[in-house]
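*Asks:* These are the residues of each chain, in order.
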Amino acid sequence: MSDFEPNIVAFLCNWCAYAGADLAGTSRLIYPANVKPIRVMCSGRVDPVFVLEALKKGADGVLIAGCHPGDCHYQSGNYKANRRVILLKELLQQLNINPRRVRFEYVSASEGQKFANVVKEFVEEIKEIGPNPLRGEQ
Amino acid sequence: MSSENKGKLKFAFYWAASCGGCEIAVLDINEKILEVVEHVDILFWPVAMDTKYSDVEAMDDESLDVCFFNGAIRTSENEHMAKLLRKKAKILVAFGSCAADGCIPGLANVSNREEIFDVAYVDNPSTDNPGKVTPKTKTRVSEGELTLPEFYDTVKTLDQVVDVDYYIPGCPPPTKLISQAIDAIVENKLPPKGSVLAPLKSVCDECPRERSEKKIKEIKRVYEVENVDPNVCLLEQGIICMGPATRGGCGAACLDANMPCTGCGGPTPNSFDQGAKMLSALASVLGVENEENMSEEEIRKLVDQVKDPLGTFYRYTLPRSLINRRVIKK
Ligand code: FES
Numbered sequence: 830m831s832d833f834e835p836n837i838v839a840f841l842c843n844w845c846a847y848a849g850a851d852l853a854g855t856s857r858l859i860y861p862a863n864v865k866p867i868r869v870m871c872s873g874r875v876d877p878v879f880v881l882e883a884l885k886k887g888a889d890g891v892l893i894a895g896c897h898p899g900d901c902h903y904q905s906g907n908y909k910a911n912r913r914v915i916l917l918k919e920l921l922q923q924l925n926i927n928p929r930r931v932r933f934e935y936v937s938a939s940e941g942q943k944f945a946n947v948v949k950e951f952v953e954e955i956k957e958i959g960p961n962p963l964r965g966e967q
Numbered sequence: 062m063s064s065e066n067k068g069k070l071k072f073a074f075y076w077a078a079s080c081g082g083c084e085i086a087v088l089d090i091n092e093k094i095l096e097v098v099e100h101v102d103i104l105f106w107p108v109a110m111d112t113k114y115s116d117v118e119a120m121d122d123e124s125l126d127v128c129f130f131n132g133a134i135r136t137s138e139n140e141h142m143a144k145l146l147r148k149k150a151k152i153l154v155a156f157g158s159c160a161a162d163g164c165i166p167g168l169a170n171v172s173n174r175e176e177i178f179d180v181a182y183v184d185n186p187s188t189d190n191p192g193k194v195t196p197k198t199k200t201r202v203s204e205g206e207l208t209l210p211e212f213y214d215t216v217k218t219l220d221q222v223v224d225v226d227y228y229i230p231g232c233p234p235p236t237k238l239i240s241q242a243i244d245a246i247v248e249n250k251l252p253p254k255g256s257v258l259a260p261l262k263s264v265c266d267e268c269p270r271e272r273s274e275k276k277i278k279e280i281k282r283v284y285e286v287e288n289v290d291p292n293v294c295l296l297e298q299g300i301i302c303m304g305p306a307t308r309g310g311c312g313a314a315c316l317d318a319n320m321p322c323t324g325c326g327g328p329t330p331n332s333f334d335q336g337a338k339m340l341s342a343l344a345s346v347l348g349v350e351n352e353e354n355m356s357e358e359e360i361r362k363l364v365d366q367v368k369d370p371l372g373t374f375y376r377y378t379l380p381r382s383l384i385n386r387r388v389i390k391k
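Heads up: the protein sequence lines correspond to chains A and B, in order. Each residue of the first sequence is one higher than the last, beginning at 830 in the working numbering. Each residue of the second sequence is one higher than the last, beginning at 62 in the working numbering.
Any given hint might turn out to be false.
[What the hints assert, rightly or not] A few chain B positions that, by computed beta-carbon distances, are all more than 12 Å from chain A:
{"id": "1", "residue": "D89"}
{"id": "2", "residue": "E92"}
{"id": "3", "residue": "D102"}
{"id": "4", "residue": "F178"}
{"id": "5", "residue": "N190"}
{"id": "6", "residue": "K197"}
{"id": "7", "residue": "S203"}
{"id": "8", "residue": "T236"}
{"id": "9", "residue": "L251"}
{"id": "10", "residue": "K281"}
{"id": "11", "residue": "G312"}
{"id": "12", "residue": "K390"}
[Claimed, not checked] Now the stretches of chain A that chain B is said to cover, found in silico as 3 or more residues with beta-carbon under 8 Å:
{"id": "13", "segment": "875 to 888"}
{"id": "14", "segment": "906 to 912"}
{"id": "15", "segment": "924 to 935"}
No wet-lab data here; the hints were simulated from the structure. Small disclaimer: the values here were computed from a predicted structure and weren't measured. All C-beta atoms in this analysis are idealised placements derived from N, C-alpha and C, irrespective of residue type, glycine included.
All chains, please: the whole structure from these sequences, using the hints.
*Replies:* Put into structure tokens, the structure is as follows:
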């Protein structure tokens, strides 16, 4: 499946990860265009429902990125998000959806390079896993 | 309402993929049933009366005032009856968790027909079936052709096959909700179509236990807890209680019996995915203390204490949830 281009939804927190993605852009770093960023105020705002909905609607991968530990602008949203993703992955496993389709990362506002790397890596990983089996079901 | 026979409301009760508990719940309204029969004529009720499907087929469309339909849709027979009763009844009520949310039969959505038949008819210690015979929709015998309803791969809720007017949640619905629903029907005081005939609040709102800021250090299964404090929130004592994500109306009856809520009331009004809501709530309060110093490994260990997230969070609602079944690779 060489022509498979993953469709990835990325929930990025306003204060760190989104700014990091912005920096990747303004620094003209090159990374795959498979990611559709959605800005949220905090990674803690990402309800597991958002992730399930994205997968149901055919997203091949979902990236959630927030501030580094200790840096969340709402103090603990990133810790919550991390735990939710870990638990959600267990659920996905039971639903026979590859848990690697969901990924949580810490990206600070100064880590444009890290953001670009994470996206590159994730796109490769999803290419390896293949298209979301729920794609085109609706 | 006139007490003459022809002025009485015409009712039907039906069961699809269910356990029979909902039928008993109807009788649990006790002496109120006498009041009910004053206002109501029951024309079809397979569990209690000798009526046939052909009797329903012979009825004029919309000649039934109300049909209380319990049970999920797992066979073509269930679906056929749902469509038939939808046509014959002015008001169709999804009665109980199976019809409304899919409930326990809906947990079969982690599997499919082939696997279920295999366990039920072939591969189990008490079955001797060398020919591996499983139910077929059509079987030829010398006398002719025998037929059986088709068994579906995926269990559905009632509203996934027909239009539903009202929902009464619960496994089974609490008698109070049943009485209130019957009163509303008889007095012609039903809320707008599509309403769930239950309170808007969660089980926690009806629970008398003391709550403080929730921070759970570890999760325990019911049998692992020694001294449960009967006055304190069970979730705070480390026992998974679905109360925060579950619609009330039961008066927190399980909590009253010192058992956690398992979620039979279905999702609260503003959430349509009960499991995701509970997953989110639990992950938010678990391991909050000292979270800034916890390693990924420690967090993982903690989260791993939730055994069977699907069966815990979606026990009653898998068929109606965002992802309504285990994905089967084609
Ligand atoms: S503000 Fe960035 S994770 Fe909370």
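*Asks:* Which numbered hints are broken by the structure, listed smallest first?
*Replies:* 12
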